[in-house]
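Read off the chains here:
2 protein chains.
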Amino acid sequence: MTPYSCMTRDELEAAYTQVLSQYDACKAQGLKLNMARGKPAKKQLDLVSDLLNVLQTPEDCFDGDIDSRNYGELAGLPSARAYWADVLGCKASEIFVGGAASLNMMCDIVSRAYTHGLLNSPRPWCKEEKIKFLCPAPGYDRHFQIGEFYGAELIYIPMTATGPDMDMVEEYVKDPLVKMIWVVPKYSNPDGIIFSDETIQRFANLKPAAPDFAIIWDNAYCIHEFKGDYVPFPDIISMCRDAGRPDMVFEFASTSKITFAGGGTSCMAASEANIQYFTGVFGVQMISYDKVNQLRHVKFLKDKAHTLEIMKRHASVMAPKFECVSRWLNQEIAPLGFAHWNDPKGGYFVSLYTMPGTAKRTWQLCKEAGVVMTNAGATYPYRKDPNDSNLRIAPSLPPVEELEKAMEVLCLSLKLSALEKLLEKL
Amino acid sequence: MTPYSCMTRDELEAAYTQVLSQYDACKAQGLKLNMARGKPAKKQLDLVSDLLNVLQTPEDCFDGDIDSRNYGELAGLPSARAYWADVLGCKASEIFVGGAASLNMMCDIVSRAYTHGLLNSPRPWCKEEKIKFLCPAPGYDRHFQIGEFYGAELIYIPMTATGPDMDMVEEYVKDPLVKMIWVVPKYSNPDGIIFSDETIQRFANLKPAAPDFAIIWDNAYCIHEFKGDYVPFPDIISMCRDAGRPDMVFEFASTSKITFAGGGTSCMAASEANIQYFTGVFGVQMISYDKVNQLRHVKFLKDKAHTLEIMKRHASVMAPKFECVSRWLNQEIAPLGFAHWNDPKGGYFVSLYTMPGTAKRTWQLCKEAGVVMTNAGATYPYRKDPNDSNLRIAPSLPPVEELEKAMEVLCLSLKLSALEKLLEKL
Chain Z
34 MTPYSCMTRD
44 ELEAAYTQVL
54 SQYDACKAQG
64 LKLNMARGKP
74 AKKQLDLVSD
84 LLNVLQTPED
94 CFDGDIDSRN
104 YGELAGLPSA
114 RAYWADVLGC
124 KASEIFVGGA
134 ASLNMMCDIV
144 SRAYTHGLLN
154 SPRPWCKEEK
164 IKFLCPAPGY
174 DRHFQIGEFY
184 GAELIYIPMT
194 ATGPDMDMVE
204 EYVKDPLVKM
214 IWVVPKYSNP
224 DGIIFSDETI
234 QRFANLKPAA
244 PDFAIIWDNA
254 YCIHEFKGDY
264 VPFPDIISMC
274 RDAGRPDMVF
284 EFASTSKITF
294 AGGGTSCMAA
304 SEANIQYFTG
314 VFGVQMISYD
324 KVNQLRHVKF
334 LKDKAHTLEI
344 MKRHASVMAP
354 KFECVSRWLN
364 QEIAPLGFAH
374 WNDPKGGYFV
384 SLYTMPGTAK
394 RTWQLCKEAG
404 VVMTNAGATY
414 PYRKDPNDSN
424 LRIAPSLPPV
434 EELEKAMEVL
444 CLSLKLSALE
454 KLLEKL
Chain E
34 MTPYSCMTRD
44 ELEAAYTQVL
54 SQYDACKAQG
64 LKLNMARGKP
74 AKKQLDLVSD
84 LLNVLQTPED
94 CFDGDIDSRN
104 YGELAGLPSA
114 RAYWADVLGC
124 KASEIFVGGA
134 ASLNMMCDIV
144 SRAYTHGLLN
154 SPRPWCKEEK
164 IKFLCPAPGY
174 DRHFQIGEFY
184 GAELIYIPMT
194 ATGPDMDMVE
204 EYVKDPLVKM
214 IWVVPKYSNP
224 DGIIFSDETI
234 QRFANLKPAA
244 PDFAIIWDNA
254 YCIHEFKGDY
264 VPFPDIISMC
274 RDAGRPDMVF
284 EFASTSKITF
294 AGGGTSCMAA
304 SEANIQYFTG
314 VFGVQMISYD
324 KVNQLRHVKF
334 LKDKAHTLEI
344 MKRHASVMAP
354 KFECVSRWLN
364 QEIAPLGFAH
374 WNDPKGGYFV
384 SLYTMPGTAK
394 RTWQLCKEAG
404 VVMTNAGATY
414 PYRKDPNDSN
424 LRIAPSLPPV
434 EELEKAMEVL
444 CLSLKLSALE
454 KLLEKL
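Protein sequence lines, in the order shown, are assigned to chains Z and E. Here this note's numbering is used: position 216 in the first sequence is 249, and no number is missing along the way. Here this note's numbering is used: position 155 in the second sequence is 188, and no number is missing along the way.
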């Protein structure tokens with residue numbers, strides 16, 4: 034195959050005619066496939082079914098002297114706090130165990146910062162002339178959405194191969210109105226990047242002008258390798274403590290992609306002072322989160338070592354899907370030289386960079402042929418991809434057979450949109 | 034026994050000496066008893082243990098075509114919405130099923146009203162010069178706490194035998210800054226009053242000046258009879274619809290006192306327009322609440338009729354405790370004529386009115402003798418009981434043997450504080 038950039042106009046026209054006819058043939062099949070969200074597959078949910086049966090009797094429901102079935106223990110069951118401390122590498126006293134969704138706690142943090150302020154806030158954020166959030170992108174659309182909901186100005190920070198552009202981050206945090214940065218530090222959503230040690234150290238060393246600047250460290254994929262062994266990752270909580278700003282970071286994790294996405298448990302890790310502050314704040318809205326489910330998870334997952342074994346089983350379901358994505362892109366697109374993508378070893382996404390100016394069109398072509406992808410642009414603040422180039426592929430949900438079909442459609446759509454662009458057909 | 038009001042000073046002095054010596058003897062036993070919060074007893078938690086075993090296999094986790102284990106269905110599983118509609122008497126489309134705590138949703142409603150406004154708000158409440166909440170009292174301390182947290186002015190509305198003083202309510206809602214009223218309409222916390230039909234109709238007929246005035250209808254004890262049969266209760270959602278203000282009411286219920294207080298499920302009932310609005314708002318913070326637990330509850334509780342059978346089993350544990358409270362007060366205090374209390378047939382509390390000016394002192398005496406009660410004053414806005422008279426007795430948690438001891442201490446403390454007052458010993 035000749036790269037598109039080396040083709041003559043006639044060759045491009047010929048390629049266009051051929052691809053269009055292949056695309057039309059695909060479209061005629063009336064497919065209905067979904068690669069839009071990072072949902073676990075049924076197979077993955079099935080392989081943790083023992084979670085349903087670890088609590089069977091009243092005696093099973095006790096965590097030491099504590100009856101998980103009754104009110105109390107707002108910060109979480111002691112065993113659940115210890116479990117998450119083991120997974121994340123911090124202290125149990127630095128853990129607050131929440132409900133089914135870590136996103137809910139992130140939103141609560143912003144909501145309470147807005148109306149009341151964080152631990153070190155001079156005033157509630159709603160009393161500031163404005164607030165600004167740093168948004169490394171491509172990133173997680175739901176992070177950006179929370180910032181937008183609370184009226185923060187979202188500032189785009191480009192991602193590099195080692196994490197966010199830290200020169201820019203260090204420059205921006207000199208502005209006292211910059212209050213937050215949102216990151217997924219391991220297998221970033223969607224790029225699948227593991228932040229480098231240097232990047233992480235620079236995060237811990239940040240000296241923001243705002244005394245209440247907060248890093249939202251969404252460690253959603255902290256143990257989510259699907260290829261190769263577990264990659265150890267530093268504990269940001271102790272690093273910020275050592276660097277002298279212990280209250281600057283809020284880390285989040287959950288079992289949404291370890292057990293059940295629709296019935297897991299989540300945690301926040303932060304300085305002991307922050308845990309104490311937010312236990313008070315959350316005490317207004319809650320008597321206690323679901324401790325029965327916390328205990329169910331602790332008894333099933335046991336500890337980090339055992340959880341990593343379970344993650345190997347997830348990997349066995351996930352790996353073939355990522356291999357399928359890789360194979361299609363490498364065979365069909367790589368030789369044509371107009372697009373590139375990452376090749377992650379963990380997380381839930383493949384980040385695809387189309388020919389600039391064609392991501393939206395590619396998304397549209399996929400949709401018309403029955404393949405739903407995450408909206409083009411969704412991975413950028415205000416849904417505006419400056420290059421109209423990034424698409425997030427979420428291959429976890431469909432079975433491999435369906436994925437093969439979806440990737441065929443995606444590859445044809447990629448080619449077609451690139452050829453349209455080159456031939457200025459739009 | 035002679036009522037204290039008929040005693041001579043010498044008789045009062047003699048009574049004081051005798052009661053003080055009995056109290057000191059009790060105190061010397063070094064008791065450690067708790068009647069502070071409405072926590073279910075272990076026996077009650079044990080009798081719903083089958084809840085733990087209704088979901089055992091992957092197939093069990095489906096609600097029709099929907100896999101409860103995966104993301105989605107933010108407003109709740111269809112079966113869970115139908116279940117709550119059956120219990121509350123509204124439509125399934127008027128139900129949003131949440132997480133473990135209804136309080137969390139109430140707080141979310143206020144939080145979002147404060148920062149963004151409700152469906153019919155002209156502006157977010159934080160942009161109003163001030164906001165005011167009507168607080169029928171004695172009432173639920175956690176309701177008042179949410180209002181206080183968001184800086185609302187809490188206005189005390191006296192409770193009557195048929196519910197809040199509706200003349201006052203109707204008068205106050207003419208003020209456009211009055212944005213909310215918080216009530217527990219059935220077996221009110223702590224008085225155990227069932228609002229009369231007339232009171233409920235007057236609620237539905239309210240014509241508040243604020244277009245976004247909201248009734249928080251916390252139906253926490255909607256099916257919680259412990260004496261006698263289930264008492265039918267009107268559906269406030271359809272009543273507000275019929276009265277022409279469908280969006281004015283938010284009703285809440287939960288299984289915290291049906292299954293597990295520390296691992297139940299909750300719901301909000303409201304107009305379809307409100308459910309739609311808040312599904313959007315909650316969509317910022319959540320992908321979905323714990324649907325596995327929703328399904329677990331639906332499979333265990335089945336429907337309203339079956340749930341009422343389970344409530345009969347709870348009643349068999351609860352009734353002897355309320356009989357114990359009643360017996361002690363009737364035998365030891367009634368003849369002395371200085372205090373009164375309610376005699377509820379459902380709910381979780383007995384509301385006790387001490388001699389005015391002695392509730393705090395009674396609480397203190399109980400505490401010093403090892404019996405923890407809900408803080409005196411807690412049942413009023415700003416924790417200020419205008420008469421220093423109300424104490425909330427929460428007899429559900431301790432076994433009857435312990436309760437006997439605790440009631441002995443309470444009765445002695447009541448007598449002692451009354452005698453101190455009459456003899457002006459303080």
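The reader is advised that the hints may include incorrect statements.
Chain copies aren't distinguished; within one or between two, either way the pair holds.
Under the rule of at most 25 angstroms between Cα atoms (straight-line distance), these lysine-lysine pairs were calculated in the BS3-like manner [to be verified]: (1) Lys345 with Lys260; (2) Lys76 with Lys417; (3) Lys332 with Lys75; (4) Lys345 with Lys207; (5) Lys76 with Lys332; (6) Lys207 with Lys454; (7) Lys400 with Lys345; (8) Lys60 with Lys335; (9) Lys75 with Lys65; (10) Lys400 with Lys207; (11) Lys124 with Lys260; (12) Lys400 with Lys240; (13) Lys454 with Lys163; (14) Lys75 with Lys337.
Hints were generated in silico from the structure; no laboratory data involved.
Hint check results:
Taking the shortest Cα distances, Lys345 and Lys260 sit within 25 angstroms of each other inside one copy (9 angstroms), while across copies they are farther apart (54 angstroms). In this homomeric assembly, Lys76 and Lys417 never come within 25 angstroms of each other (Cα to Cα): the closest approach is 35 angstroms inside a single copy and 57 angstroms across copies. Proximity of Lys332 and Lys75 under a CA criterion of 25 angstroms is satisfied in both settings, with 22 angstroms inside one chain copy and 21 angstroms between copies. For the homomeric pair Lys345 and Lys207, neither the shortest alpha-carbon distance inside one copy (43 angstroms) nor that between copies (63 angstroms) is at most 25 angstroms.
Taking the closest pair of Cα atoms, Lys76 and Lys332 come within 25 angstroms of each other both inside a single copy (21 angstroms) and across two copies (23 angstroms). Taking CA atoms no more than 25 angstroms apart as the test, Lys207 paired with Lys454 passes in neither setting, with 41 angstroms inside one copy and 63 angstroms between copies. For the homomeric pair Lys400 and Lys345, neither the shortest alpha-carbon distance inside one copy (33 angstroms) nor that between copies (54 angstroms) is at most 25 angstroms. Taking identical chains as interchangeable, the C-alpha atoms of Lys60 and Lys335 are never at most 25 angstroms apart, the minima being 48 angstroms within one chain and 45 angstroms between chains.
Taking the shortest Cα distances, Lys75 and Lys65 sit within 25 angstroms of each other inside one copy (18 angstroms), while across copies they are farther apart (51 angstroms). Proximity of Lys400 and Lys207 under a CA criterion of 25 angstroms is satisfied in neither setting, with 43 angstroms inside one chain copy and 53 angstroms between copies. In this assembly of identical chains, the alpha carbons of Lys124 and Lys260 never lie at most 25 angstroms apart, being 29 angstroms within a copy and 48 angstroms across copies at closest. With identical chains, the CA atoms of Lys400 and Lys240 are never at most 25 angstroms apart, being 45 angstroms at best within one copy and 49 angstroms at best between copies.
Taking the shortest alpha-carbon separations for Lys454 and Lys163, neither the intra-copy value of 40 angstroms nor the inter-copy value of 56 angstroms comes in at or below 25 angstroms. Proximity of Lys75 and Lys337 under a CA criterion of 25 angstroms is satisfied intra-copy only: 23 angstroms inside one chain copy versus 32 angstroms between copies.
In this structure, the hints that do not hold are numbers 2, 4, 6, 7, 8, 10, 11, 12 and 13, in rising order.
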